[in-house]
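Place chain S on chain X using the hints.
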Amino acid sequence: MAERYELKSKEVWDGNTAASHALRQAQVDVVAAYPITPSTPIVQNYAQFLADGYVDGEFVMVESEHSAMSACVGAAAAGGRVATATSSQGYALMVEVLYQASGMRLPIVMTVVNRALASPLNIHGDHGDLYLGRDAGWIHLIANNPQEAYDMTLCAFKIAEDERVRLPVTTNQDGFLVSHTAQVVEPLQDEVAYKFIGDYKPMNPMLDTKNPQTYGAQTEEEWHFEFKASQHKALMESSKVIDEVFAEFEKVSGRKYNRVESYKIEDADVAIVVMGSAYETAMVAVERAREEGIKAGLVMPRSFRPFPYNEIAEKLRNVKAIAALDRSCPMGAMGALYNEVSGALSANGQSAIMTNYIFGLGGRDTTVEHILEVIKETDKNAKAGKRVTDLQGFINLRGPKLSFN
Amino acid sequence: MKKITNLKEFACTPDRFQGGHRLCPGCAHGMIVREVVNATDDDLVISTATGCLEVCSAIYPYTSWDVSWLHIGFENAAAGISGAEAMYKALSRKNRSYNPDKNVKFVAFGGDGGTYDIGFQSLSGATERGHDFLYVCLDNEGYMNTGGQRSSSTPVGAHTTTSPRGRVSYGEKNRKKDLTMIMAAHGCPYVATAVPGTKHWKDLATKAAKAISTVGPTFINALSPCTTEWKFKPEDTTEIADLAVETCMFPLYEIEDGHKLTITYRPKQKIPVEEYLGRQGRFAHLFKPENKWVIEEIQKQIDEYWEYLQRREEAGV
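Going line by line, the protein sequences match chains X and S. Sequential numbering of the first sequence, starting at 1, is according to full-length UniProt numbering. Sequential numbering of the second sequence, starting at 1, is according to full-length UniProt numbering.
Just chain X, same shape as in the assembly (with noise of 0.2 Å):
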């Protein structure tokens, strides 16, 4: 067993350092990783976890992210806890296995520390690798601050690991911006974290060889469908277990999370919608917007995957214009968030205003100002009545205003 670790109950960590104790927390039995910016601290901490005895997994330390989700894949089929972490063209380039990893069920936990994608290269935060896994088969968690990330790594070994799931999960942090960003995190105690995640529970384990087992076997038209339609299943189920999750870690933690997050939502005219570390920037703009006479409320899915419709669309039920805030460039069409909140409320039977804006591409500023900006122009459209703003706009981008309508 490995060392015990000295927790104070206030630590000053950054989001990265965070994720790696929950990582050591988790005490994960194989980590497989390549390092990449900005997530390269996760995996260096845990190598001197290791180094110092506070770990004693496996670390295979590979050469690509290619490699290192598939020595992931290999791992967690074998029978045992599974962890990684990646960023931007690291995720690029395990897509391929992203989607093989799931199709497997495999409970795999990744930290997606998110990084705009190339051309041009650019190393700081943006949401393009999250908009990519977007399909993978994956659950993907949002954490906005060191806490959440490590918050949400914990929870999601739970959830991963849920016999009603046994998918894997992302956990997503903006790159540098949550990070490199020190703040005070209150830690569990190694024993409660330990007793929270509990102990791998084995499914079909190939290292069972008294059982054999068959893991990413061909199918043809006769079962493909069934087997893509049953991962759906398990993926759109996992609400349930997420929220069951979350009441649990609420009991160890005192921290309640929940599917959709909201700020002064339930009486907003007017409502702002965005996932990532912008969220809390949003929050002192909803309060400036409240201050100058317009009622403003703040909403985010903690869980992009499964996308919570149905309770996104009861959080928007009484608003009168929205902005929806994709930090990714979605090349010729709406932002995903944007259309997923459209979907939500078109299926719920409700109808608001909807714009999309486009912001913090490459690690561009977005400041109170600029959302504060954004909830006055969706005022516009409230008051209105109608759309009187552009369709999509471009948050702090240098140049002529661009809009498409």
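None of these hints come from the bench; they were simulated from the model. Some clues are possibly wrong.
[As the list claims (entries may be wrong)] Computed far set for chain X versus chain S, every beta-carbon distance over 12 Å:
id: 1; residue: V12
id: 2; residue: G198
id: 3; residue: N405
[Stated by the list, open to error] Covered stretches of chain X, as calculated for chain S (at least 3 residues, CB under 8 Å):
id: 4; stretch: 47-58
id: 5; stretch: 73-86
id: 6; stretch: 93-104
id: 7; stretch: 215-221
[Said to hold, decoys possible] Computed cross-link-like contacts, PhoX-like style, restricted to lysine-lysine with a CA-CA straight-line distance of at most 20 Å:
id: 8; chain 1: X; residue 1: K251; chain 2: X; residue 2: K240
id: 9; chain 1: S; residue 1: K3; chain 2: S; residue 2: K202
id: 10; chain 1: S; residue 1: K102; chain 2: X; residue 2: K210
id: 11; chain 1: S; residue 1: K8; chain 2: S; residue 2: K199
id: 12; chain 1: S; residue 1: K89; chain 2: X; residue 2: K210
id: 13; chain 1: X; residue 1: K201; chain 2: S; residue 2: K94
id: 14; chain 1: X; residue 1: K386; chain 2: X; residue 2: K295
id: 15; chain 1: X; residue 1: K251; chain 2: X; residue 2: K10
id: 16; chain 1: X; residue 1: K195; chain 2: S; residue 2: K94
id: 17; chain 1: S; residue 1: K210; chain 2: S; residue 2: K270
id: 18; chain 1: X; residue 1: K201; chain 2: X; residue 2: K228
id: 19; chain 1: S; residue 1: K300; chain 2: S; residue 2: K270
id: 20; chain 1: X; residue 1: K376; chain 2: X; residue 2: K264
id: 21; chain 1: S; residue 1: K89; chain 2: X; residue 2: K201
id: 22; chain 1: S; residue 1: K210; chain 2: S; residue 2: K199
Only a predicted model underlies this, so the values are computations on that prediction, with no experimental measurement involved. Glycine is no exception: its CB is placed at the ideal position from the N, C-alpha and C atoms.
Okay, now just chain S, sitting in the frame of chain X:
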């Protein structure tokens, strides 16, 4: 290490790779796989790259594998098996083994596409990291699963669909990549070449047993004559394999600790390469007068390489 005595006894060992798979009649893959998995009594976990073997042996809801088996993709059989092997080490250390009184050994199979080409990076990485596994390349010298395209293992002069013979072309122009030597250069404790069939069955079985019982990454490059794309009769597979050895087109040797080379079979009289080329449709065009020089060139390359192997063995360094 399992004691391998005679062919009859060897053939009677319990199947871990069942018949009834969908490989072509005359395909050497099935023979090689059976000879490898029968060469050990240890429990096995196997990974397979995408390719003929994979698509013909595990079509849901059927499987030919009576051992734990994993397929991820074309390029990552070595990375996948290294993850499984790492988990075995971790769980053994944490006293959480699923079957503590048994040794588990790890084997990966890939075709030449999944090994020489797209899978080479992950094979090189897994080897360098020193995982305890055997990698067997089923070398049929082309992308046969996708319809006979060239790979970096395709020999000079061979017709494939992407290096076709034509009015102005004699087929493949580039020399076959010397993967066995590249693997030896990784410092693998054991590397060997092998062919399937009855004449050299013991050579392959002995090498497989040795590789599996060696701790660390080991590699066997097994020539796998392809009746479909090499164009020969299904009943001639082992004869073609034997001719590859007798002509020294595919010499049998092993290398220990990255340097100590031993030729494991020495033809009594080296047969001219025409005998081998002439039996396969993929080389038929080389016998036209304008292409005769290609055969001479191939013979020259064979002679030089055979000389090199013998000198290296003699030098014993």
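So, going through the hints one by one against the coordinates:
Its beta-carbon lying about 31 Å from the closest one in chain S, V12(X) satisfies the requirement of being farther than 12 Å from that chain. Remark: the non-interface label on G198(X) is consistent with the geometry, its nearest Cβ contact in chain S lying 14 Å away (cut-off 12 Å). The beta carbon of N405(X) sits about 43 Å from the closest Cβ of chain S, which is more than 12 Å, so the claim that it is off the interface holds. With 3 residues bearing a CB less than 8 Å from a CB of chain S, the stretch 47-58 of chain X meets the requirement of three and the coverage assertion stands.
Counting residues of the stretch 73-86 of chain X whose beta carbon lies closer than 8 Å to any beta carbon of chain S gives 9, which meets the minimum of three for the stated coverage. With 3 residues having a beta carbon nearer than 8 Å to a beta carbon of chain S, the stretch 93-104 of chain X meets the requirement of three or more and the stated coverage holds. Counting residues of the stretch 215-221 of chain X whose beta carbon lies closer than 8 Å to any beta carbon of chain S gives 6, which meets the minimum of three for the stated coverage. For the proposed pair K251(X) and K240(X), the alpha carbon gap of about 17 Å is at most 20 Å, so the pair holds.
The straight-line distance between the Cα atoms of K3(S) and K202(S) is roughly 11 Å, inside the 20 Å bound, and the hint therefore holds. The suggested pairing of K102(S) with K210(X) holds, with an alpha-carbon distance near 10 Å, which does not exceed 20 Å. Distance check on the hinted pair: K8(S) and K199(S) sit about 14 Å apart at the alpha-carbon level, within 20 Å; holds. Using a Cα cut-off of 20 Å, the hinted pair K89(S) and K210(X) holds, with the two alpha carbons roughly 18 Å apart.
Straight-line distance between C-alpha atoms of K201(X) and K94(S) comes to about 15 Å, which keeps the hinted pair within the 20 Å bound. Of the supplied pair hints, the one linking K386(X) and K295(X) holds, its CA atoms being roughly 17 Å apart against a limit of 20 Å. Taken as a hint, the K251(X) and K10(X) pair is honoured in the structure, with Cα atoms around 18 Å apart against an allowance of 20 Å. For the hint pairing K195(X) with K94(S), the CA-to-CA distance comes to about 18 Å; that is within 20 Å, so the pair holds.
Pair hint K210(S) plus K270(S) does not hold up; C-alpha atoms about 28 Å apart against a cutoff of 20 Å. For the proposed pair K201(X) and K228(X), the alpha carbon gap of about 24 Å is over 20 Å, so the pair is violated. Between K300(S) and K270(S), the direct Cα distance comes to roughly 13 Å. Compliance with the 20 Å bound is thereby established for this hinted pair. With a C-alpha separation of about 16 Å, the suggested pair K376(X) and K264(X) falls inside the 20 Å cut-off, and the hint holds.
Distance restraint check for K89(S) and K201(X): the Cα-Cα separation of roughly 18 Å lies within the 20 Å cut-off, and the hinted pair is therefore satisfied. With a C-alpha separation of about 19 Å, the suggested pair K210(S) and K199(S) falls inside the 20 Å cut-off, and the hint holds.
In this structure, the earlier hints numbered 17, 18 are contradicted, and the remaining ones agree with it.
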